[in-house]
Structures are given as structure tokens and as C-alpha cells.
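S.K.: All chains, full assembly: derive it from the sequences and hints.
In the order they appear, the protein sequences are chains S and X. Following this note's numbering, the numbering of the first sequence begins with 4 at its first residue and continues without gaps. Following this note's numbering, the numbering of the second sequence begins with 4 at its first residue and continues without gaps.
The hints are simulated quantities; they were obtained by calculation from the structure and are not laboratory data. Some hints could be false.
It does not matter which identical chain is used: a pair holds within one copy or between any two.
In silico DSSO-like pairs for lysine-lysine, Cα to Cα no more than 30 Å straight-line [claimed, not checked]:
#  : residue 1 : residue 2
1  : K26       : K383
2  : K57       : K343
3  : K392      : K331
4  : K372      : K331
5  : K343      : K372
6  : K383      : K331
7  : K365      : K26
8  : K372      : K26
9  : K26       : K178
10 : K372      : K392
11 : K392      : K358
12 : K392      : K26
13 : K210      : K149
14 : K57       : K383
15 : K213      : K261
16 : K383      : K372
17 : K372      : K76
18 : K26       : K302
19 : K383      : K343
20 : K366      : K331
21 : K331      : K365
22 : K358      : K106
23 : K383      : K354
24 : K77       : K383
25 : K43       : K264
26 : K366      : K302
27 : K207      : K221
From a predicted model like this one, the values you see are computed outputs, not experimental measurements.
Protein chains: 2
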Amino acid sequence: MNLENERLIIIGGTAAGAKAAAKARSLFPELKISLFTKDKYISYSGCGMPYYIKNDIEDYNSLIIRTPEDFEKKGINVFLSHEALDINPSTETVFIKNLLANKIVEYPYTRLIIATGATPVIPDIEGVELKNIHTLRTIHDAINIKHELKTAQNAVIIGGGYIGMELAEAFLDNKINTTIIESSKQLMNNFDEEISEQLLQYTKQFKKLKILLNSSVKQFLSENNSHVSAVELTDGRLINADLVVIAVGIRPDVELAKSAKLELGSTGAIKVNEYMQTSEKNIFAAGDCVEKVNMITQKNVYIPLGTSANKEGKTAAMNLFEHRMQFKGIIGAAITRFFKFNMAICGLSEKEALKNSINNYKKITITDKDISSYMPHSHKITLKLIASKSTNRILGAQLIGEGNITPRAYALSVAISNGMTVSDYAKTDFAYAPPFSRSIDITLTAAQILQEDV
Amino acid sequence: MNLENERLIIIGGTAAGAKAAAKARSLFPELKISLFTKDKYISYSGCGMPYYIKNDIEDYNSLIIRTPEDFEKKGINVFLSHEALDINPSTETVFIKNLLANKIVEYPYTRLIIATGATPVIPDIEGVELKNIHTLRTIHDAINIKHELKTAQNAVIIGGGYIGMELAEAFLDNKINTTIIESSKQLMNNFDEEISEQLLQYTKQFKKLKILLNSSVKQFLSENNSHVSAVELTDGRLINADLVVIAVGIRPDVELAKSAKLELGSTGAIKVNEYMQTSEKNIFAAGDCVEKVNMITQKNVYIPLGTSANKEGKTAAMNLFEHRMQFKGIIGAAITRFFKFNMAICGLSEKEALKNSINNYKKITITDKDISSYMPHSHKITLKLIASKSTNRILGAQLIGEGNITPRAYALSVAISNGMTVSDYAKTDFAYAPPFSRSIDITLTAAQILQEDV
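M.R.: Structure representation (C-alpha cells):
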């Protein structure tokens, strides 16, 4: 392939952008590649930031997978602190502002990958601009939060989802009084309520942790007109706070895509095909700025996760000049822990199934040990499995507990991603040895019970 | 269902027999169930015995899942030290010898489950009858070996397979000089040679361990005409030994089945259909005495493992009076560890594929971390993945290393058991978070590389 006249520009350098750059380089050694990001860091693991804040990881440099120097060595031009403002598809150029020099330059491309990611949702609450109130999105955020943690005494986390719970672990492990304020009636809102209830029970052993469900912030208060000192709830309760993190979700960064009049999906994120092409065939998009297909419902969803960002970045690079690889979509598989309590979801929760008008389903919740019960370190896990009553297809699984849930989440993800029925799944021959598993796995028992439930 | 005139007799009480009894009881509360075993123990985990010997588990009673009293309480008559000698299918009776009273009684049945298991292969070597030479099959064996371990100084293990390696861990952990004598050119002979080679390298850190490959025993020597004192190899080498375990395999116990003229398969084990029925429809068989179907090759194989024994026992019980559940076969999924080095196989090794005349395959071996590399406790794993070049179906996977191989073994077992292609597998959406996994799993990378290899 003659790539002499080709120029790849990548906008964004966290997961999707950096992965796309690395993959494009290894596939096309001759291709001219430039990566622009408004950030000061590139190619870092956002998902690892809570563990850096906790101090499982001391140095934030450990989170950085490839430095700008690594990229430069491979002939990728990296422009930090450069914000892309406007794409002109007809001239195939991007206007990019050097934020340090305050200068705008027009760069030509023949292929463009938009990996602008997402922005944390910041609720319009009085006092939200006070110091010591953060979101956790960039390494810069993580560095600031970790720094303030050294002197903080009372932390408040707004939002009891993945980032909220992971940060709570980090704060509690650093002996900080921590309050989680969650507007819904449960923690980990993408799980079913009775499943999240078990997490809530587990959290009760942490004396420095307060969880306020069904609670909303009215305003942030300050004693010195500069730093936050307290959070006032809509019901009048006051919570002391010298460190606040808002973790109530993110929304796709689509301003740049809009400038090119790229088609957006119903979720508001950028619409792409399975080759990661936008409505302009030479413009690709990947990561938290794009809409995904739920492989179970075949509906478009916005579930921005690190694993799909990486895969989409790779897929975009693969398909730059010919169709070589498809990204089929997601099932919303996610996993996290709060100290020793693990939680994974693959596919639809029961409430999500109902929201998708899937009413004809069957379900089972069972608890079992993760490995042979006589072995040291065997622990309980609970599985909630949901399948279609009409087709027997597995719709979703939720796994929680102190035991090793990952193998079961992995196995069920293969099944759900591939539309397998409970009967298909039930015939699986899993490897068994006492230090690793049980002679009949909990997921097989559950699948078999649902298979019999006709 | 009126079960008043039905009588279930189960012969054998370890994994398959005990599981069948428990399942039959829960399905048919009214059914008369009697379980006979020549053993003094029932319902124990054979797979846990190495960890009992090692002392991870102190009391052998922990290995016992259900005691005879547990069964009796549920109305199952348990006869220990009772050996079934002869089945007469035309009269539907079994002749059973009470080994303690030395008395033979004829028992009537309407349904019979044969779960006679297997017997360790004992090579015909001079001196093999000496004291302190064992096989590891029953709890009694495990108790004896653990007892002798207290005073032993030099242990010899004949056979470097699963039991051999697990016992070596137990012996070394108890500071015993240990020699493994293996007749083939590699440890863990069901893995490919270059994979087992990595285990061999790992073992080199254990100063008290000697591994002799391509080696065979000529005779066992005794200084006192009673206990073993040394092992002489065919090449003349002498190895001091005050404890020997022979772990060179097992063969199905089919004498009882032969007495009923039940059909045996080409492997010599009892032939059953997918409902676990033998050639006599009221006689079922399950566990290590039966032949299995390899779901990849659809050939009959004899791969006796604890997980299939349990599933087959359950399946037999389910189908006693009507066809309710099928056991579709196995893929030979197995897992073990030697200290911190884990090994799993699912499906065919490369050499097993070749043995099955599968020549048109593609393969890849890659090494990656198990979880995000910046996390504490991330470790390497190596995956060898084999797929058919003509159909793209995944044929087999081998996973080794100090990292967490179980999730990958589980995921690939679902795929292989269900005939999935590398392209099917590659679209799986796995849950990712730094403490659990990587953003793009090693198995996805491997599947995708094989998918591209056309």
C-alpha cells in the first residue's frame, strides 16, 4: 500500500486515541501520524486513577502506558495542549489551537480519528465552582485529589456508581471520613436493587463511611469564600466537607464532531458503523465520544467504558484504508470492587430488560462458594442470571460477593456476547481443581435451572 | 409419579455415586435408594487429597461432602464395605458381598447406577508390593501418605502428571527431598512440550526437587525386605526413597459392568448414551468408569475427571424415570498448579489435534499480564491458542503462568464446548477494571490474530 500521500490525524490521546495511534503505527510503518490533545498527558489509564489515589500505585507515571517520547520515537508527532476546534470535511482540514501559544493552525488530513472522549457531568449547583470540588477524569484531577487527600478530613462523593465506590475505597483506606450522596435509591444503579443491597450491607462495617441514598445536593457552602467547607442537601442536612468529588456520570464530547456536521446518534454520541466510520467515510471516531450497539437488544446505547474505548481505537486504526475488522458492539460488561466485595455485570439487569420491554424472562439468584469449600480462602459468590423465556437466550448476569467472580463473568460474557441460550451454556465443560473452581460451577447450576424452567 | 415399586441401587459412592444419590433424593423424595460401596468412606473430594496431604487442609473429614449419616437422615441406605460382585439384568438383581461379614446377598433393583470409578494403574515392577509404596486414589491412601510424610526424608513420585505435580508441591512444602520420575520427555504430558517446558523451568528454583524425564523404574529395593529404601531406574541410577507414590494413570473399573454384559466402548470404559444409560436401559453408569464423548472431535475418549463425574452422576439421577437432561460430553478441560505456577488446558493440544488427524490448523502463543500491569500483583500468563484453518473453530487452548488463568480458561471453555470460531470469540465484550483484568484481554488478542491468519 502506498501511503506517501496519506496523513492521519488523531484528536484525543487517552485510551481510544492512543490505542489507535499505536495500532496505526504498527500496521502502517510509513504513515504520517499526528496526535493532538488538549490534555497535558496522553495514553494513560483512566480506570487506574482510583488506585493511584488510594496509593496502591504510588507514581502517576505508572498509569501512563506510552509517553509522548515513546510515540515520537516511533515517528508519531504528538501535540499536547492543542485543542481541535473545527473540522472541515470538504477541504479535509482541522483547525487546531495551540493552547500555550494561543495560535490556531489549519492541518490537512486524509484520515481523521476523533477520540475526544467525554466530559464529566457537573450539576448546576450553587457553589460548585468552589475549590476542593473535583471531578475525576484526567490525571491532573487525580493528582489534585491525591494531593488534597493528605490534609483532608471529610470527603464527600456525589454519586454511588463505579467511580464513587472506587474513590470511597481510596478515601477510607486513607482514613478519611467519607460520605456518599446518591440521588437514587441504591448504590451501583446499573445493578438490580436487591443485588446492590448486598453491597450496602457490606459497607456497614466501615465506621468512617456514610451512605445517603435518595439524597441530593442543594448547595456547596464555604466558610472562606474560596474552599468548600460543607455540603447542604435539599432536605436541609449539612455535611462537613473539605474535599468533594462529583461522579454522577459523563457525557460525550461531540462539539468537534458537530463542527464537521457528523451524524450523531439518538443518545447524543457520535454515530459510527462497525468499522468505526462516522457519516464521513474518512473520519473515524472511537471511545467515549461514540455511541455503541448493545449486542443483546441491538439498540444504540451510550455506555462508555475503557475496554470498548481501547477496542474501538484499535478497530478504527485497522480499518483506515480497507475494511479489516468489525467492532460488533457491547453488552455493558463491567466489573469493580469495594475493598473485598466484588461486583460484575454482563448484559442486561432485570430492570434494564424491563426498560427494553423484555417482559417474558426467567431468572434465578443463587449463592455458592467460588472454589472447593474445604480449601483455604474459599468465598461466597452470588449469581443472578436472567434468560428469555421464549428463546432461552441468556440476557444478563450479575455476580457479587467476596469470592472470585471474574471467571464466571468472563464465561457468561462469551455466552451473552454470542447470543447463547442457557442450554448451550449448560453443556460447557469447565476446568476444575480445588484451588481454582468447584466441580459443578455456579453458572452451570443456574443455567440448568433456567433451562428446566419452561 | 408413583415410585412405590421403584428401587434405586447405586454402586459406588465417591463423586458420581454420591452426587447421583443426593440428586435422586432431592428429585424423588419417595424413592427407595440404597448406595453400596466397598470403600469405608463416601462422598469425598478425591481432587482435594493433595491439599490435605500438603496440610492446606488439616482434617480429612473436611474433604467429606456428605457423611453416611447425612445420607441416612435423608432416607438413603448406605452400605460401606460392601462390594458388588455381579449384576443380573434379567432378574434385575445385584449380588453384593458384605466385606466385613463375608456374606453375599442378592438385592433387587428397578434402576441401577454403576459408579464404580477407576483403579490406579500399578506397573508390574519388581518390589512394587513393598511397604511405603502407594497410589493416591482413596482417602485411606491419603491418610497413609500424610502419616508417612511425617517421618519421610526422600520421596519418589512415579509420573509427572496432575497428581504427580500436586503431590510434589505437597511433599516439597513439607521439606521432603522429592524426585519425580517421568517416562515421557515432558512433565504434564497432555500439554504441548514447549508449554510444559515452562513448568520445568519454574521447578528449577526448588532445590529439594529432582525431575528425571525419559526415565523408567526397573525395580524397587528394600534394605529390610519390608519397606522400600530405593528405586532403581532402567539405566542403573539409584534413588533413595522411603516413600513412593505411583501416579501413572487410572483405568476404568468395569468388572461389574462386564458381569451384566453391558457394552463397553472402544476405550474399554462403559459405553453410555447422553442420558447416562448403558446398553441396558434401566442401568445407568457415571463417573470414572464410563467413556466420554469429546465434543470437539466427537470421538469417544477416556478422560476421567472430577467435574464430569459429578455432572454425570447428576445427569443419571435426572434421567432415571424420564429423559430430562443430557450430558453432551467433555472437552478435556483441566487446571492445576505447582505452587504459584498455574496450568490449564481446554480442548485439544497441538499434538492431540495431530493425533486426531487435524493438520489444517493455525496457532498462536502470546504472553501478557493478567491484570493492568501497573497494579500490584499483576502477573504474566501465556496462552497457546489453536484453531481450525478451514472452519475457524477454536480447537484448544493452553494457559500457563503465575497470573490468573482461570477467567481465560473459563471463557475459552464456553467457546470450545459450543463450537465457536475465533471470529465469534473475538467479538466478546469482557468486563474490565484494573484489579481484575486488562482493557483488551489476551484471549481476544489471540483470537483476533488467528482470525486474520487466513
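S.K.: All hints, please: hold or fail.
M.R.: A quick look at each hint next to the structure:
In this assembly of identical chains, K26 and K383 lie within 30 Å of each other by CA distance solely across copies; the values are 22 Å between and 40 Å within a copy. Taking the shortest Cα distances, K57 and K343 sit within 30 Å of each other both inside one copy (15 Å) and across copies (27 Å). Proximity of K392 to K331 under the C-alpha cut-off of 30 Å is found in both arrangements, the shortest distances being 25 Å within a copy and 22 Å between copies. Taking CA atoms no more than 30 Å apart as the test, K372 paired with K331 passes between copies only; the shortest distance there is 25 Å, against 34 Å inside one copy.
When the C-alpha separation of K343 and K372 is checked against a cutoff of 30 Å, the pair qualifies both within a copy, at 15 Å, and between copies, at 22 Å. In this assembly of identical chains, the alpha carbons of K383 and K331 lie at most 30 Å apart only when taken from different copies (29 Å versus 34 Å within one copy). In the homo-oligomer, the alpha carbons of K365 and K26 lie at most 30 Å apart only across protomers (23 Å), although the nearest pairing inside one protomer, at 42 Å, exceeds that limit. Only between protomers do K372 and K26 lie at most 30 Å apart by alpha-carbon distance; the minimum there is 19 Å, versus 41 Å within a single protomer.
Taking CA atoms no more than 30 Å apart as the test, K26 paired with K178 passes in neither setting, with 42 Å inside one copy and 49 Å between copies. In this homomeric assembly, K372 and K392 come within 30 Å of each other (Cα to Cα) only inside a single copy, at 27 Å, whereas the closest approach across copies is 39 Å. In the homo-oligomer, the alpha carbons of K392 and K358 lie at most 30 Å apart inside one protomer (17 Å), although the nearest pairing across protomers, at 42 Å, exceeds that limit. Taking the closest pair of Cα atoms, K392 and K26 come within 30 Å of each other only across two copies (25 Å); inside a single copy the shortest separation is 42 Å, beyond that limit.
Taking the closest pair of Cα atoms, K210 and K149 come within 30 Å of each other only inside a single copy of the chain (22 Å); across copies the shortest separation is 45 Å, beyond that limit. Taking CA atoms no more than 30 Å apart as the test, K57 paired with K383 passes in both settings, with 26 Å inside one copy and 24 Å between copies. When the C-alpha separation of K213 and K261 is checked against a cutoff of 30 Å, the pair qualifies neither within a copy, at 42 Å, nor between copies, at 68 Å. Taking the shortest alpha-carbon separations for K383 and K372, both the intra-copy value of 4 Å and the inter-copy value of 26 Å come in at or below 30 Å.
Within a single copy, K372 and K76 get their C-alpha atoms only as close as 50 Å, which misses the 30 Å cut-off; across copies the closest is 24 Å, which meets it. Taking CA atoms no more than 30 Å apart as the test, K26 paired with K302 passes inside one copy only; the shortest distance there is 29 Å, against 42 Å between copies. In this assembly of identical chains, K383 and K343 lie within 30 Å of each other by CA distance both inside one copy and across copies; the values are 11 Å within and 23 Å between. When the C-alpha separation of K366 and K331 is checked against a cutoff of 30 Å, the pair qualifies both within a copy, at 26 Å, and between copies, at 24 Å.
Taking CA atoms no more than 30 Å apart as the test, K331 paired with K365 passes in both settings, with 26 Å inside one copy and 24 Å between copies. Within a single copy, K358 and K106 get their C-alpha atoms no closer than 48 Å, and across copies no closer than 68 Å, so neither meets the 30 Å cut-off. Taking identical chains as interchangeable, the C-alpha atoms of K383 and K354 lie at most 30 Å apart only when both belong to the same chain, with a minimum of 24 Å there against 38 Å between chains. In this assembly of identical chains, the alpha carbons of K77 and K383 lie at most 30 Å apart only when taken from different copies (26 Å versus 48 Å within one copy).
Only within a single protomer do K43 and K264 lie at most 30 Å apart by alpha-carbon distance; the minimum there is 28 Å, versus 79 Å between protomers. Proximity of K366 and K302 under a CA criterion of 30 Å is satisfied intra-copy only: 22 Å inside one chain copy versus 35 Å between copies. For a Cα distance limit of 30 Å, the shortest separation of K207 from K221 inside one copy, 26 Å, qualifies, whereas the shortest one across copies, 64 Å, does not.
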